[in-house]
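K.L.:
Protein chains in written order, with our numbering: chain A, 1 to 114; chain B, 1 to 112.
There could be a bad hint or two in this list.
What the hints assert, rightly or not - No more than 30 Å apart at the CA atoms, straight line, and that leaves these computed lysine-lysine pairs for DSS-like:
1. A:14 / B:49
2. A:9 / B:42
3. B:69 / A:71
4. A:9 / B:68
5. A:83 / B:104
6. A:9 / A:70
7. B:58 / A:70
8. A:9 / B:49
These are calculated hints, taken from the structure and not from any lab test.
What you are looking at is a predicted structure, and each value in this text was computed from that prediction instead of being measured.
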Amino acid sequence: DGGITQSPKYLFRKEGQNVTLSCEQNLNHDAMYWYRQDPGQGLRLIYYSQIVNDFQKGDIAEGYSVSREKKESFPLTVTSAQKNPTAFYLCASSPLAGVLETQYFGPGTRLLVL
Amino acid sequence: AQSVTQLDSHVSVSEGTPVLLRCNYSSSYSPSLFWYVQHPNKGLQLLLKYTSAATLVKGINGFEAEFKKSETSFHLTKPSAHMSDAAEYFCVVKGGNTPLVFGKGTRLSVIA
């Protein structure tokens, strides 16, 4: 079964703690993306990667970090510098990062602050 | 630069009546346009996309959208709403080698 998996489904963070959200795809896609979704805000791009070992900041990268050591994996770390991390986080991938790309989304991780 | 405006944050229709979700866009390039649907606490699913071929685009589940360059619009329609259509819908624009830009979403409610 091909697709994108995100884990965990729910994640709780304590004050001052870093947490890492997992995103894995077995679609052999080159590009991967992380979005943050807040109610009434649509989706905002955090980071994206078009190729292994390379990634670019999106619109709201502050307080987040990523790595792309393998083509199929693009984990997102929410650092303690992100003061308002409560949100729904969506990972996506696409075959290429070109103008005709279609992005395929994972089921999301909901992050809550204790 | 690209931007997209979804003109209604919430639309409510009765089951069996037509659906119209409105989207206007702005793009410095010839844009690609998409509609995605999101059911509660789920990821997004592609409904349809426009990529400079036919201006009337047919998607899944009976949805379609028409690209109107003169009006910079890409409205989503369906002739007859079903209860399972209740969800959040996002209009998305892409131009050049830039990331996708999402609208803020329209929540569709379907009343029995």
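K.L.:
Starting from the hint list further up, note which numbers the structure goes against and sort them upward.
P.N.:
1, 3, 4, 7
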